[in-house]
Amino acid sequence: MDDEKIIVYEYASHGSLDHHLSNTDLTWRQRLKICIAAAKGLCYLHDPNGTEQRVIHCDIKSSNILLDENWNAKVSDMGLSKIGPANQSHSFLPTNVVGTFGYIDPLYIETYSLTKESDVYSFGLVLFEVLCGRLCIEHKNGHFHSLVPMWKKIYEEMKLDEIIFEEVKQHMDPRSLKTFSDDYQCLRISREERPKMSRVVEKLEIALEFQEISEEVELPIDYEEMSKAAVPPLVYRSKEELMMLLYKDL
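For the sequence shown, this note's numbering begins at 21 and goes up steadily by one.
Only true hints are included.
Heads up, simulated BS3-like pairs for lysine-lysine below, C-alpha to C-alpha not over 30 Å straight-line:
1) Lys172 to Lys53
2) Lys94 to Lys216
3) Lys179 to Lys160
4) Lys216 to Lys25
5) Lys53 to Lys179
6) Lys94 to Lys60
7) Lys60 to Lys189
8) Lys189 to Lys179
9) Lys248 to Lys179
10) Lys160 to Lys189
Calculated directly from the structure, the hints in this document are not laboratory data.
Work out the full structure, taking the sequences as your base and the hints as a guide.
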């Protein structure tokens with residue numbers, strides 16, 4: 021048909037993000053870059069330049085974020101997406117609830133009104149999955165259960181260390197984590213309190229910058245022996261922090 025349109029993607033040799041959440045070889049730096057690329061894709065759908073329409077994805081989840089051979093992320097599966105006017109600060113589309121259990125905006129379920137903030141909520145869950153190294157839902161005793169209430173409670177009690185993926189936590193810069201976790205705002209019940217995707221992108225890029233600065237700090241070749249030989253042994257969470265401890269008395 022002449023009016024048929026086909027979306028063509030580059031081959032995603034690494035498959036979808038959900039298969040790599042617990043990948044111990046996927047560094048925090050790589051995870052941040054994946055999140056940034058996906059956030060930029062969603063930002064483009066929500067606030068396109070030069071068009072009169074915006075796209076609400078409706079099914080943002082880690083299995084719909086594809087990864088190529090260089091771990092570049094692409095937002096995929098537009099089958100449930102809805103189109104609305106882009107010239108309004110808020111587009112409310114009355115629609116039957118669609119999406120995937122565990123990722124759907126609670127307000128969308130309650131009101132049947134879909135907005136771009138519904139995608140923001142779902143993306144916030146993807147960010148938590150990347151941080152925790154696991155899906156936000158689990159299958160237990162024949163039923164699916166959401167981990168979101170527990171994750172939100174732990175965040176609000178300032179106990180994120182309890183749920184961060186261990187292989188990532190030990191190499192994470194504290195400032196990067198703090199900036200990244202600010203995107204918890206995506207999960208606010210009130211849509212007005214959720215950030216725009218452009219703001220999410222900004223926060224993620226700052227988190228990446230902190231991580232890159234931390235990893236580029238040059239340490240003495242024997243820094244591990246130096247930290248162990250100190251009395252008491254040095255306790256640190258990043259290379260930059262160790263650098264400050266090693267040289268604070270010089």
